[in-house]
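Engineer: Since the structure of chain A is already known, use the hints to place chain B on it.
What follows is each chain in one-letter form.
Number of protein chains: 2
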Amino acid sequence: MSFEVLARDGAARRGNLRTAHGSVQTPVFMPCGTYGTVKAMTPADLLSVGTQMLLGNTFHLMLRPGSERIQALGGLHEFMQWPDPILTDSGGFQVWSLGELRKIDEQGVVFRSPINGDRVTLTPERSIEVQLQLGSDVIMVFDECTAYPASESEVRDSMELSLRWAQRSKRVHEPSQGPSLLFGIVQGGMFEPLRAESASQLVSLGFDGYAIGGLSVGEPKQEMQRVMQATVPMLPEDKPRYLMGVGTPEDLVAGVAAGVDMFDCVLPTRNGRNGYAFTSRGTVKIRNAQHRDADEPLDPECQCYTCQGFSRAYLHHLDRCGEMLASMLMTRHNLHYYHALMARLRASIETGTFPSLIETLHNGWNSLK
Amino acid sequence: MSFEVLARDGAARRGNLRTAHGSVQTPVFMPCGTYGTVKAMTPADLLSVGTQMLLGNTFHLMLRPGSERIQALGGLHEFMQWPDPILTDSGGFQVWSLGELRKIDEQGVVFRSPINGDRVTLTPERSIEVQLQLGSDVIMVFDECTAYPASESEVRDSMELSLRWAQRSKRVHEPSQGPSLLFGIVQGGMFEPLRAESASQLVSLGFDGYAIGGLSVGEPKQEMQRVMQATVPMLPEDKPRYLMGVGTPEDLVAGVAAGVDMFDCVLPTRNGRNGYAFTSRGTVKIRNAQHRDADEPLDPECQCYTCQGFSRAYLHHLDRCGEMLASMLMTRHNLHYYHALMARLRASIETGTFPSLIETLHNGWNSLK
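Chains as they are written, first to last, in the working numbering: chain A, 1 to 369; chain B, 1 to 369.
Isolated chain A, as found in the complex:
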């Protein structure tokens, strides 16, 4: 068994996910390493902030530098010098984000490369092949991300297409005989009966884990919460559950409370580069003039490299000057904050203090509002 639930507090789970590159303590947050680098962080920096596992983007890496090239250079772990587990997405979401530049049919997707305009085809078979070439520890099935908003019949068609693609993905993955795990992705838009149908069919096919896809695509936050909370109980108790592309610290806490085990999101890294810090007292926009003379750290409760020495005034100055060090220090803080948050959630599930921790966290986040 690659996954084990070690403790529970309500619906929240404390687990252990075993992969070919070591074990991951869940619930876990995975930073995004789009082009084979988590932006502004070295692998040593990532280890120092507590990153256990990261996400690589199939879509980006197949275009640049190409998965065959990465395979020839020893795989993605070796290429980017990341020793620990890697999950790769399937490229479905990125292709979907291209909008008018892509054409979808039963076979797969044809699109124009945003890098050089080349015509590129992505099918379930090709996506799995690419992920195997990258040497991913957790491979995602190729799916269609359903548009929002969409009618029930549009969502049904899309969800059923994703199911057929999931089956084809599994058919290609199985003979690989490698150590990688394969996760299915539940679709079904904002319609709970369609989510249930998607989940039940995926479970019949049988995967090593189950993701909730098609959220954080423009729907209101309450919709996201409703669908997430309705979908998690449709997933097997004994398999890891992964909420894709989510989210803020509040979203992570809500996800863990509902029973989610894995998360990824660009927020801590992208927002860090744009001058936003997540802290125990809410979000700090470092560009604001109020920080110009502030001789205090981003977060007095934080133990990260950034908060152990650098003032808000210094970070404000670096940000104003467009200095790379601003992105480096802000990203480092945000990832440390996310990982430390997950570590506290894990510990609280073990000790049965999860509900009181949630209250403490929300009080902190609201203290500046």
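Zero decoy hints are in this set.
Partial list, computed: chain B residues near chain A (C-beta under 10 Å):
id, residue
1, Ala72
2, Gly309
3, Phe310
4, Ser311
5, Leu318
6, Cys321
Pairwise CB distance ranges (calculated):
id, chain 1, residue 1, chain 2, residue 2, range
7, B, Pro83, A, Thr351, 37 to 43 Å
8, A, Leu98, B, Ser48, 38 to 44 Å
9, B, Arg112, A, Thr283, 34 to 40 Å
10, A, Gln290, B, Arg119, 26 to 32 Å
11, B, Asn116, A, Asp295, 20 to 26 Å
12, A, Arg292, B, Asn274, 27 to 33 Å
Over 10 Å on every C-beta distance to chain B, these chain A residues come out as not near it, computed from the model:
id, residue
13, Leu98
14, Gly117
15, Glu129
16, Tyr148
17, Pro149
18, Glu154
19, Ser204
20, Val217
21, Glu223
22, Pro236
23, Asn271
24, Gly275
25, Gln303
26, Arg344
27, Thr353
28, Asn363
Honestly, the hints are just simulated from the structure, not real lab data.
In this text the structure is predicted, and so the values were computed from the model without any measurement.
Ideal Cβ placement from N, Cα and C applies to all residues, glycine included.
Structural biologist: Relative to the frame of chain A, chain B by itself:
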């Protein structure tokens, strides 16, 4: 005495410079920390590559975030979290680089801030005041950088103005009673008699160290070498000698051979960000297609973080994608290379093997040509 020569090999010197923030082993290379950050490097990264002392830019810091603000926040060391010595330039060179945007008279320089268009005045008195506010360990006199090319009478006028400014700089620095050292700057363009006059007058005034300014301003490399080699012997044996704004690894070796103790230059950091690596076998342009599949480090002889794990193929990929990590890893390598080079030069002077080391270094640099 703040400076001591510990060993000699020919004209080359191995020395020790004592400052308020610790001792510096010379010959030393100082990276440029223009806006209170050596671009793409944390202070911890700088310590790990062997940086002993860095340079801060008075011109940039007085405009952003302002020297009064930095003083209020505890000084430049505290502001940027750099525990070791800092040398600040006087702003003279940067003001000179503004070209048409500045007006020079006996009193000083008036210029338009390139940040916000404000009218700013910089005089010897103001420059020293700013450097004292920053808390610099080594303060440079305010000078006029002479244009190149220029007639002998133009150069004389400029050199004499710099001498009067040096005197005024000293007059402001003396009462500060602080631990900072004050260095004079020899000018005189490409005319050796004017260099001699400048040096002799500065020595009469008396400074803690002497810099050679007005080089690397567009003159041919042989001119630079000629003037540098002619000027060094005009400087006192018992004081540190600093060649400003120079240069390539070859330039550093030539400078040390002539008896220079201190160097600064943007080359290793700026070229690193632009994809050029200095190596034991010459310069590597990582953007070149030949590195696309190269499963080898930048420099097989290098012990830096970058060369201990990352392939040229990976660095090439990061550079092509415009990833910040490319700048971070290339800068780290280049600074490590510069500092390791200086450490080898220091050791060879101690053991009397400086000439044979120079030969070894040049053979390596030429091996790829």
